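Visitor: Work out the full structure: start from the sequences and follow the hints.
The listed protein sequences derive, respectively, from chains A and B.
Residues in the first sequence are numbered consecutively from 1, following the numbering used here.
Residues in the second sequence are numbered consecutively from 1, following the numbering used here.
Read the hints as simulated data drawn from the structure, not as lab findings.
Remember, it's a predicted structure, so these values are computed and weren't measured experimentally.
Just so you know, not all the hints are guaranteed correct.
[Said to hold, decoys possible] In silico lysine-lysine, PhoX-like type, Cα no more than 25 Å apart, as pairs:
id	chain 1	residue 1	chain 2	residue 2
1	B	Lys181	B	Lys227
2	A	Lys11	B	Lys374
3	B	Lys374	A	Lys179
[Claimed, not checked] Over 12 Å on every C-beta distance to chain A, these chain B residues come out as not near it, computed from the model:
id	residue
4	Ser74
5	Val110
6	Val147
7	Lys221
8	Gly310
9	Gln438
10	Gln445
All C-beta atoms, glycine included, are put in the ideal place defined by N, C-alpha and C.
For reference, the chains in residue letters:
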Amino acid sequence: MKKFSTALMTKYRTLTILVLILIIATFLSDAFLTIDNILNVIRQVSIVAVIAAGMSFVILTGGIDLSVGSIVAISGALSASALIKSNSVFLAIFIAVIVGIAFGLFNGLFITKGGIPPFIVTLATMVLARGCVLVFTNGGPIAVKSNAYKFIGKGYIFGMPFPIIILIIVFAASFLVLKYTKFGRSVFSIGGNREASRLSGINVKKTETIVYTISGLLCGITGVILTSRLGSAQPTAGTGYELDAIAAVILGGTSLAGGQGSVLPTVLGALILGVLDNILTLMNVNPFAADIVKGIVILLAVLADSKFKSLSSKMESNQ
Amino acid sequence: MKENEVILRLENIVKVFPGVIALDNISLEIRKGEIHAICGENGAGKSTLMKIITGAYTCTSGKIYFQDKEVKFSSTKQSEELGISMIYQEFNLIPHLTVGENIFLGRQPVNKMGFVDWNKLYSDAKVLLSRVGLNIDPKKLIKDISVAETQMVEIAKCLSVNSKVIIMDEPTAALSDEEIKKFFSIIKKLTEEDISIIYITHRLEEIFELTDRVTVFRDGKFIKEMKTSTTNHDELVSLMVGKNITHLYPKRDYQKKDVVFQVKKINNSQVKNADFELYRGEILGIYGLLGSGNISLSKSIYGFYEALQGEIYLEGNKVNINKPSEAIKNGISLVSDDRKNEGLILIRNIRENISLASLGELEKNKVLDLNKEKKMVYEEVEKLNIKLSSIEQIVGNLSGGNQQKVVFAKILETKPKILILDEPTRGVDVGAKAEIYQIMDQLTQKDISIILVSTDLPELIGMSDRVLVMREGAIVKELNKEQATQKAVLSYAVGGINNEEI
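Guide: In structure tokens:
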């Protein structure tokens with residue numbers, strides 16, 4: 001029993017926090033625990049969660065990517081425009097993915113070849129990409145009409161919303177890559193000790209470039225999901241997503257210093273944020289005040305997390 | 001030295017951590033103005049005991065008397081106020097503050113207005129620095145002074161709080177021989193002011209050169225206390241290890257084979273035109289004082305500086321080595337002198353650290369074979385006798401000797417033909433040292449060639465088949481096994497001998 005409770009607090013700490021919040025939410029509102037509402041929450045969460053998967057890679061190497069929200073917007077806008085001009089859903093998706101990869105690669109090359117800290121490079125890209133969207137859209141939305149395109153964000157397969165299927169695929173792939181590939185190992189080792197990794201023959205620059213490219217790619221995919229869900233590409237789409245994604249990663253127990261953590265709990269972190277949003281809406285809390293509650297819960301969750309962590313490291317050293 | 005006046009006395013100290021007795025009924029007496037060596041292998045309980053003396057830990061049972069009064073410390077601040085200071089292995093000075101600011105950190109003198117009195121701070125600092133024989137401007141930044149000087153600043157800091165007992169943990173680890181000499185003379189001067197020194201070191205030679213008495217610990221138990229002059233090297237080692245290590249260095253009988261590796265005109269900011277050859281199965285020692293370029297040369301060959309100036313020939317063929325991954329591919333591996341920053345991923349586990357440099361070997365269609373990894377790790381753990389509770393243990397929690405063995409395991413898995421070892425036994429206890437020397441000997445019997453860069457002279461001479469001496473970035477002398485005595489090596493390194501005959 002004791003073993004079970006310590007496991008809950010250490011290995012599965014993010015899950016424990018999520019379950020606690022779920023229980024509280026169930027008591028607070030009758031409308032919360034229904035299949036429709038839960039699927040709705042997960043579908044909403046999937047947007048930030050897919051970005052957060054990429055952010056997990058970035059943060060595990062000890063980096064940060066602030067440009068994700070803007071990349072979502074630019075790939076969404078270009079995707080919508082391509083759809084209107086060509087009427088090809090395939091091309092629209094392809095363009096979004098390519099744009100995401102291009103911006104991610106741009107980040108990666110500036111960081112590795114230019115030797116500029118990730119914070120600065122991605123901050124610049126965040127502003128730059130947002131500028132691109134505003135210029136391209138002239139500040140207005142681009143509406144999409146294709147039903148096939150809208151399926152990506154709104155459709156169901158076997159009763160499961162399509163974005164949730166994308167979410168599952170992205171996280172499964174991320175988990176497998178981190179655990180079973182040399183690249184995944186390199187991500188952890190670079191975050192743990194960059195110099196020791198380089199001396200062990202790890203190609204640090206290449207790995208880091210790929211990591212930012214993956215983040216960009218997932219932003220491109222998110223751009224498609226978001227545009228398709230809203231039925232239009234908005235110039236302000238994705239604003240603030242970088243903070244939600246970072247919060248999800250940290251709630252998932254990944255260390256901001258890099259080298260420690262994993263990707264699966266990130267989805268739980270995103271769910272914590274989503275459930276909070278949902279329950280506050282269901283309770284008709286003033287949306288401005290909702291942000292205050294969200295901020296406080298994030299602080300408490302991370303505080304609890306660091307307590308659990310020091311507990312588990314104590315147990316480790318006492319072995 | 002006042003023979004019998006005891007300043008610090010520990011009685012029956014016991015420290016229990018969950019599941020392990022770290023200190024088992026330890027008693028210790030430190031006399032006024034003496035230099036008292038504490039020795040023992042890693043894990044013998046030295047650092048736990050020091051933490052109890054400084055108040056970083058509280059003991060489970062036992063008593064501490066300071067100047068005949070029983071004391072109980074619950075923080076290092078309390079012990080410092082009474083006059084017990086500790087200088088740690090890793091320096092605790094702040095690089096971007098001045099020497100003076102560091103000395104008085106947290107205790108800056110203030111004027112009536114409550115502002116820092118800078119004039120007093122720097123003039124007091126100057127006085128303290130001169131007491132430790134350091135003639136530098138206290139307004140210099142810590143990052144701009146040498147390692148040896150920072151060590152002196154640490155001592156000055158202890159003097160500023162009127163320390164009566166100063167604990168030093170491996171204080172000479174980063175100093176050159178020249179600097180060590182100066183350091184010792186200053187420590188001896190301190191004892192004339194009735195300051196007592198507790199001196200922890202793995203370098204046994206220093207114990208004989210410096211200390212008055214020595215206490216040996218093993219496995220958390222007190223073994224023996226004696227006058228340093230009444231014991232000798234072999235006795236100390238056998239007391240520490242608990243068995244006789246008769247041959248710390250394996251007996252080597254190397255017969256010269258063919259040239260396997262050759263470098264020509266290696267240049268970088270610290271190395272000038274270095275040429276040398278390495279024979280198959282040989283241990284080639286490279287010696288030089290701090291800043292002689294010895295470490296820099298070895299790292300150059302490994303592609304550490306990303307662009308190599310010079311030529312490298314492997315089995316007669318020219319190879320390009322511009323980064324570590326290319327060195328590894330060509331069968332050249334390196335054990336860094338800086339284990340924490342360059343050798344290990346301290347926050348990850350043993351398994352991942354050992355396989356890190358050979359992940360390519362574990363790939364099958366781009367997927368890592370985790371079973372093969374485990375098998376490989378277990379083999380290395382057994383071969384190198386790494387003591388662990390699980391291969392999933394975090395490397396940062398291992399002792400120095402075991403950490404170094406993990407580095408060796410990682411490097412050996414790259415199947416090197418040429419092995420570069422930079423200070424391979426730094427911060428490693430005697431038992432693990434002997435094991436590392438055995439491993440080196442076994443490797444050379446498999447025709448692996450080793451370049452050993454070490455400032456530990458007995459080790460360098462005990463292990464090397466041939467020695468190159470470096471000074472100011474250049475290789476100034478080659479000595480064969482018979483010629484390579486401590487005296488000869490050292491005098492070429494400091495430039496005492498005319499080297500025209502080279």
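Visitor: Evaluate each hint against the coordinates.
Guide: Going through the hints against the structure:
Between lysine 181 of chain B and lysine 227 of chain B, the direct Cα distance comes to roughly 22 Å. Compliance with the 25 Å bound is thereby established for this hinted pair. Restraint check for lysine 11 of chain A and lysine 374 of chain B: satisfied, since their Cα atoms lie roughly 22 Å apart, inside the 25 Å limit. Between lysine 374 of chain B and lysine 179 of chain A the CA atoms are separated by roughly 14 Å; this keeps the pair inside 25 Å, and the hint holds. Every C-beta of chain A lies more than 12 Å from that of serine 74 of chain B, the closest at about 19 Å, which supports listing it as non-interface.
Listed as outside the interface, valine 110 of chain B is consistent with that label: its C-beta sits roughly 36 Å from the nearest C-beta of chain A, beyond the 12 Å cut-off. Here valine 147 of chain B stays apart from chain A, with its beta-carbon at least about 19 Å from theirs, past the 12 Å limit. No Cβ of chain A comes within 12 Å of the Cβ of lysine 221 of chain B; the nearest lies about 21 Å off, and the non-interface call holds. No beta-carbon of chain A is positioned within 12 Å of the beta-carbon of glycine 310 of chain B; the least distance is around 19 Å.
At the 12 Å boundary, the C-beta of glutamine 438 of chain B stays outside the reach of chain A, the nearest C-beta of that chain being 24 Å off. Against chain A, the non-interface label of glutamine 445 of chain B holds: every CB pair exceeds 12 Å, the least being about 26 Å.
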